[in-house]
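Chemist: Residues per chain are reported as follows:
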Amino acid sequence: MNAFISALWVETLKARRSKVLWLTMVAFSLIPLSGGLFMIILKDPQAARSMGIISTKAQLMAGAADWPAMFDIMAQGAAIGGTIVFAIVTAWVFGREFSDRTAKDLLALPTSREAIVGAKLIVIALWSMGLALLSFGIGLLVGNLVDIPGWSQTLQQTAFVDFVGATVLTIALLPFVALIASAGRGYMLPFGWAIFTVFLAQIAAIMGWGDVFPWSVAALFSGAAGPRAELLGVHSYAIVIFTSIVGLMAVFWWWRNADQTR
Amino acid sequence: MKYAIETNHFSKSYGDVQAANDINLRVEPGEIYGFLGLNGAGKTTTIRALLGMIRPSGGEVKALGHQVGPHGQGPWAQVGYLVESPSAYPDLTVKENLEIARRLYGIKERSAVDAVIERLDIRPYANRKAGTLSSGNRQRLGLARAILHQPTLLILDEPANGLDPAGVVEIRELLADLARHKGVTVFMSSHILTEVDRLATRIGIVHHGRLIEELDMEKLARFRTQRLEVRVRDPGAALNILNEAGYQSVIRAREEGILINDPRAIERPEDIAALLVNAGVPPTRLVVEQQNLEEHFMQLTGASL
Chain A
1 MNAFISALWV ETLKARRSKV LWLTMVAFSL IPLSGGLFMI ILKDPQAARS
51 MGIISTKAQL MAGAADWPAM FDIMAQGAAI GGTIVFAIVT AWVFGREFSD
101 RTAKDLLALP TSREAIVGAK LIVIALWSMG LALLSFGIGL LVGNLVDIPG
151 WSQTLQQTAF VDFVGATVLT IALLPFVALI ASAGRGYMLP FGWAIFTVFL
201 AQIAAIMGWG DVFPWSVAAL FSGAAGPRAE LLGVHSYAIV IFTSIVGLMA
251 VFWWWRNADQ TR
Chain B
263 MKYAIETNHF SKSYGDVQAA NDINLRVEPG EIYGFLGLNG AGKTTTIRAL
313 LGMIRPSGGE VKALGHQVGP HGQGPWAQVG YLVESPSAYP DLTVKENLEI
363 ARRLYGIKER SAVDAVIERL DIRPYANRKA GTLSSGNRQR LGLARAILHQ
413 PTLLILDEPA NGLDPAGVVE IRELLADLAR HKGVTVFMSS HILTEVDRLA
463 TRIGIVHHGR LIEELDMEKL ARFRTQRLEV RVRDPGAALN ILNEAGYQSV
513 IRAREEGILI NDPRAIERPE DIAALLVNAG VPPTRLVVEQ QNLEEHFMQL
563 TGASL
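Just so you know, the protein sequences line up as chains A and B, in that order.
When we follow the working numbering, the leftmost residue of the first sequence carries the number 1, and every step to the right adds one.
When we follow the working numbering, the leftmost residue of the second sequence carries the number 263, and every step to the right adds one.
I should point out that these hints are in silico values taken from the structure, not numbers from a laboratory.
Using N, Cα and C, we set each Cβ at its ideal position, and we do this for glycine too.
Be aware that a few hints might be false.
[As the list claims (entries may be wrong)] For lysine-lysine, the following BS3-like pairs were computed, each having C-alpha atoms within a straight-line distance of at most 30 Å:
1. B:Lys481 / B:Lys264
2. A:Lys19 / B:Lys444
3. A:Lys19 / B:Lys357
4. B:Lys481 / B:Lys370
5. B:Lys481 / B:Lys444
6. B:Lys391 / B:Lys370
[Said to hold, decoys possible] Pulled a few chain B residues facing chain A out of the computed Cβ check, cut under 7 Å:
7. Asp278
8. Leu313
9. Gly314
10. Met315
11. Ala339
12. Gln340
13. Val345
14. Ile362
15. Tyr367
16. Gly368
17. Ile369
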């Protein structure tokens, strides 16, 4: 346990000192800020017409300038933006050990590799959830500043549950990104993987397989790939959990068994 | 524990490439073992196997009496290491990098970090980000990390890389001191023969993945010893004259010459010349030479100077 706490302390220090932490905070803050911008545009149709493309996009994504629409944007941002930004976090936490050539310094220690990998995964989960909560908080602030209608305590609670749900579903699939960053020994492959899964998630949802394709589930849950209620069932969440466990086992196996030649 | 390091028929291949082939190493506690080879000879592969970073394709590897691997297990609390180029987290300070190592090695004393900073003379850089260090200071940081937990076995891959001449001497003295006074076993690889030669108590030469020769203290001493080569037309007569004059350390006669390792002869070869001229066996050649370990190494490995 002490070794694990040490590993957690170490990973937290690395994250705290990283510029990537601040970059991801900025990137994830853009989601509610964009939502706020859409709300401003939609609240004033005259201004919306004069803004051309941006107003068209605003109509597509939000439709109305109210809190349900704002919460939808935030949840969809958490699912799609999360897939990319959380993958950046994961790629950095695992991939930097190879690009900085520090992976070899983690291999022959009294602190086990499992403790180190476990600590990395926890830091990724906390970091990602922190980003999501920051985004939700900024969304509430921006929505209040823009003064959009339709707020209620019940709506906020439901929206928060949906938002956290979409975030958790996205985080659950990050072990695969960790595995690809480790096996690929760097940043590029996991970035590519993240973009690929966003693309595949959309295709799977369009084809009607979204409920059984794990990377579509978070998008469907958030509403980013269409209405979720009819499609998602217990089996969808079970598939995400199963995929997550397989990913976790694979990343632990890799660190335990793969030849470390870099 | 009889050996600090022991490998039995250790082999490692990557596809068709045989990186290490049937390597049998025995390094006794307190030894400074120089592992010498050209680039790509199999030094780093062997070191990575000793540290459980790669799985042997064949054979077994032991460190401090413990079987290493197959899942990276080993007596790592007692092993310090530096593999290939030293690495550090560039956005963390030198001190933070060492603090990370302290935590991961489970060292309770916080003062260990300051102590090793002093020992490696990196105090002026303690609060600088590791990414801004020169390669020499990065090497010092890597060595500081390796000795932070006072290991009984140090496994170092090219420890003098990137150091300036003063740094090389300093690190050599540090390693010698650890071996002599703390009983630390040092296993160090290098492709720089002179560096290994000055420090090691035993040298293993690896080539094309095979351990092709081991030189113990006696053999090394022979390589390190100067001798006087005297060439004459009548070696037998010259040998008698030298023996009668009290030069007992005539080591052998070869071809037309005689090799003498008597310190008096090496210091004053002119006395030998005078002795032989006066006896009517004048030398045709008189030269103080050193058997060259470098030449020997080049011959073994087939490399050109």
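Chemist: Hints first: check each against the structure and report whether it holds.
Modeler: Hint check results:
1. Between lysine 481 of chain B and lysine 264 of chain B the CA atoms are separated by roughly 23 Å; this keeps the pair inside 30 Å, and the hint holds.
2. At most 30 Å may separate the alpha-carbon atoms for a hinted pair to count; lysine 19 of chain A and lysine 444 of chain B exceed this at roughly 42 Å.
3. Among the hinted pairs, lysine 19 of chain A with lysine 357 of chain B is consistent with the structure: their alpha-carbon atoms are about 19 Å apart, no more than 30 Å.
4. In summary, the hint linking lysine 481 of chain B to lysine 370 of chain B is not supported, as the alpha carbons are separated by about 44 Å, beyond the 30 Å threshold.
5. In summary, the hint linking lysine 481 of chain B to lysine 444 of chain B is supported, as the alpha carbons are separated by about 26 Å, within the 30 Å threshold.
6. The hinted pair formed by lysine 391 of chain B and lysine 370 of chain B meets the criterion: a straight-line CA distance of about 24 Å does not exceed 30 Å.
7. A hinted interface residue such as aspartate 278 of chain B counts as satisfied when its beta carbon comes closer than 7 Å to some beta carbon of chain A; here the least separation is about 16 Å, so the hint is violated.
8. Interface restraint check for leucine 313 of chain B: the shortest CB-CB distance to chain A comes to about 4 Å, inside 7 Å, so the restraint holds.
9. Nearest Cβ of chain A to the Cβ of glycine 314 of chain B: about 6 Å, under the 7 Å cut. The hint holds.
10. For methionine 315 of chain B, the suggested interface contact is upheld, since its CB lies about 4 Å from the closest CB of chain A, less than 7 Å.
11. For alanine 339 of chain B, the interface hint holds, the least distance from its beta-carbon to any beta-carbon of chain A being 4 Å, beneath 7 Å.
12. The restraint placing glutamine 340 of chain B at the interface with chain A is violated, with a minimum CB-CB distance near 9 Å, outside the 7 Å limit.
13. Using the Cβ-Cβ criterion of 7 Å, the hint placing valine 345 of chain B at the interface with chain A is satisfied: the shortest such distance is roughly 5 Å.
14. Given the 7 Å rule on beta carbons, the hint for isoleucine 362 of chain B holds: about 5 Å separates it from the nearest Cβ of chain A.
15. Checking tyrosine 367 of chain B against chain A by beta carbon gives a least distance of about 6 Å; that is within 7 Å, so the hint holds.
16. Hint on glycine 368 of chain B holds. Least Cβ distance to chain A is approximately 5 Å, under the 7 Å limit.
17. Annotation: isoleucine 369 of chain B was flagged as interfacial toward chain A, and the flag is violated, the nearest CB pair being 10 Å apart, outside 7 Å.
This entry does not satisfy hints 2, 4, 7, 12, 17, going by the numbered hints stated previously.
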